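**Q** Sequence:
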Amino acid sequence: MNAKNLSERLMKVASFVEKNTMLADIGSDHAYLPCYLVHNGVITHAIAGEVVKGPFESARKQVKSEGLDKHIDVRFGNGLAVIKEEDHVQTITIAGMGGPLIASILEAGKEKLTTAETLILQPNVHAKAIREWAIKEQWKIDQEAILEEHDKIYEILVLKKGLMELTEQELLVGPQLMREKSDVFRKKWLNDVFEWQRILDQLNKTALTEDVQAKKDELEKKISLVKESIE
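Residue numbers for the sequence shown follow the working numbering, beginning at 251 and rising by one.
Quick caveat, the hints were computed from the structure, so don't treat them as lab data. These numbers were taken from a predicted model, which means no experiment stands behind them. Note that beta-carbon positions come from the ideal geometry of N, C-alpha and C, so glycine has one too. Do not rely on the hints blindly, as some may be mistaken.
To be verified - Keeping only pairs whose Cα atoms sit at most 25 Å apart, straight-line, the calculated DMTMM-like set for lysine to aspartate or glutamate is:
#: 1; residue 1: Lys386; residue 2: Glu420
#: 2; residue 1: Lys411; residue 2: Asp442
#: 3; residue 1: Lys262; residue 2: Glu336
#: 4; residue 1: Lys472; residue 2: Glu418
#: 5; residue 1: Lys262; residue 2: Asp392
#: 6; residue 1: Lys471; residue 2: Glu420
#: 7; residue 1: Lys362; residue 2: Asp337
#: 8; residue 1: Lys410; residue 2: Glu430
#: 9; residue 1: Lys386; residue 2: Asp433
#: 10; residue 1: Lys431; residue 2: Asp401
#: 11; residue 1: Lys311; residue 2: Glu258
#: 12; residue 1: Lys437; residue 2: Glu481
#: 13; residue 1: Lys471; residue 2: Glu335
#: 14; residue 1: Lys411; residue 2: Glu316
#: 15; residue 1: Lys472; residue 2: Asp451
#: 16; residue 1: Lys410; residue 2: Glu382
#: 17; residue 1: Lys431; residue 2: Glu418
#: 18; residue 1: Lys411; residue 2: Glu335
#: 19; residue 1: Lys360; residue 2: Glu336
#: 20; residue 1: Lys303; residue 2: Asp279
#: 21; residue 1: Lys465; residue 2: Glu430
#: 22; residue 1: Lys465; residue 2: Asp451
#: 23; residue 1: Lys465; residue 2: Glu418
#: 24; residue 1: Lys334; residue 2: Glu307
#: 25; residue 1: Lys402; residue 2: Glu367
#: 26; residue 1: Lys465; residue 2: Asp442
As the list claims (entries may be wrong) - Computed spacing ranges between beta-carbons, pair by pair:
#: 27; residue 1: Ser432; residue 2: Asp467; range: 26 to 34 Å
#: 28; residue 1: Glu361; residue 2: Glu382; range: 30 to 38 Å
#: 29; residue 1: Asn255; residue 2: Met414; range: 30 to 38 Å
#: 30; residue 1: Ala457; residue 2: His289; range: 56 to 64 Å
#: 31; residue 1: Gly327; residue 2: Lys466; range: 25 to 33 Å
Can you build the whole structure from these sequences, using the hints too?
**A** Set out below in structure tokens:
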């Protein structure tokens, strides 16, 4: 993968970025996503944020080698702290992290979201945490996608400002993804059910404490919700 040939996962993230938006890519790594978007005329300016020194230096070198210094500002900082009010950021992308971490980044920097219109989020796991945060902070799901790449399955959520209500089932599996019921969607959740059932079988062989019962109840509830969603 490089700035001209993104992974399928990042290509899907890129497909949701609106033309000429002011973008902030958080956890940008090598800044491949903003470089690709500028090269392809989707956007003209972007911020690439990194909190880890190594990836930050890699992003700076990448942007310089692509000749995009005047278009992409690589900044060192934690989460949304790299965004300034005068940037007038309209779109924020956060890809390749766990759902709870993405939600915590948004929560910690929510005062930076005043000008943001679109959040494009690609959690590696636990997308539910993002949906829970979105409801609490009055963002709604505009689009959802799911794809498989190199034997891993990824969800992508596109959020816009607005109120949203979700059932417990929709929180877990995604309202749009549940309606579409793609083959990848079914595969992901069948795999998860298999793993939860394996854990449940192990718990059934252990001494029944209050904690064990609570874990069993949680797993049985999730298995039931998922089985209903893929029927």
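**Q** Next, verify each hint and record whether it holds.
**A** Status of each hint after checking the structure:
1. The suggested pairing of Lys386 with Glu420 holds, with an alpha-carbon distance near 15 Å, which does not exceed 25 Å.
2. Taken as a hint, the Lys411 and Asp442 pair is broken in the structure, with Cα atoms around 31 Å apart against an allowance of 25 Å.
3. Under the criterion of a C-alpha separation no larger than 25 Å, the hint pairing Lys262 with Glu336 is inconsistent with the structure, at around 29 Å.
4. Under the criterion of a C-alpha separation no larger than 25 Å, the hint pairing Lys472 with Glu418 is consistent with the structure, at around 9 Å.
5. A C-alpha spacing of about 15 Å is found between Lys262 and Asp392, which places the hinted pair at or below 25 Å, so the restraint holds.
6. About 13 Å separates the Cα atoms of Lys471 and Glu420, which keeps this hinted pair within 25 Å; it holds.
7. Under the criterion of a C-alpha separation no larger than 25 Å, the hint pairing Lys362 with Asp337 is consistent with the structure, at around 10 Å.
8. For the hint pairing Lys410 with Glu430, the CA-to-CA distance comes to about 20 Å; that is within 25 Å, so the pair holds.
9. A hinted pair counts as satisfied when its Cα atoms are at most 25 Å apart, and Lys386 with Asp433 does not qualify at roughly 31 Å.
10. This hinted pair checks out: Lys431 and Asp401 have alpha carbons roughly 19 Å apart, not beyond 25 Å.
11. Restraint check: the Cα-Cα separation between Lys311 and Glu258 comes to about 23 Å, which is no more than 25 Å; the hinted pair holds.
12. Restraint check for Lys437 and Glu481: the C-alpha separation of about 12 Å stays at or below 25 Å, so the hint holds.
13. Of the pairs offered as hints, the one joining Lys471 and Glu335 is violated, with about 44 Å between alpha carbons and a cut-off of 25 Å exceeded.
14. Under the criterion of a C-alpha separation no larger than 25 Å, the hint pairing Lys411 with Glu316 is inconsistent with the structure, at around 34 Å.
15. The straight-line distance between the Cα atoms of Lys472 and Asp451 is roughly 15 Å, inside the 25 Å bound, and the hint therefore holds.
16. Using a Cα cut-off of 25 Å, the hinted pair Lys410 and Glu382 holds, with the two alpha carbons roughly 14 Å apart.
17. The suggested pairing of Lys431 with Glu418 holds, with an alpha-carbon distance near 17 Å, which does not exceed 25 Å.
18. Restraint check for Lys411 and Glu335: satisfied, since their Cα atoms lie roughly 18 Å apart, inside the 25 Å limit.
19. Among the hinted pairs, Lys360 with Glu336 is consistent with the structure: their alpha-carbon atoms are about 16 Å apart, no more than 25 Å.
20. Restraint check: the Cα-Cα separation between Lys303 and Asp279 comes to about 10 Å, which is no more than 25 Å; the hinted pair holds.
21. For a cut-off of 25 Å, the pair hint linking Lys465 to Glu430 is broken: about 30 Å separates their Cα positions.
22. Restraint check for Lys465 and Asp451: satisfied, since their Cα atoms lie roughly 12 Å apart, inside the 25 Å limit.
23. Of the supplied pair hints, the one linking Lys465 and Glu418 holds, its CA atoms being roughly 17 Å apart against a limit of 25 Å.
24. With a C-alpha separation of about 21 Å, the suggested pairing of Lys334 with Glu307 holds against the 25 Å cut-off.
25. Taking the CA atoms of Lys402 and Glu367, the gap is near 29 Å; set against the 25 Å cutoff, the hint is violated.
26. Only pairs whose Cα atoms come within 25 Å are accepted, and Lys465 paired with Asp442 is accepted, the gap being roughly 15 Å.
27. A C-beta distance of roughly 30 Å is found between Ser432 and Asp467, which places it inside the suggested range of 26 to 34 Å.
28. Take Glu361 and Glu382: their Cβ atoms lie about 20 Å apart, and the range 30 to 38 Å is violated.
29. At about 35 Å, the CB distance of Asn255 to Met414 agrees with the hint of 30 to 38 Å.
30. A C-beta distance of roughly 60 Å is found between Ala457 and His289, which places it inside the suggested range of 56 to 64 Å.
31. Between Gly327 and Lys466 the CB atoms are about 43 Å apart, so this pair departs from the stated range of 25 to 33 Å.
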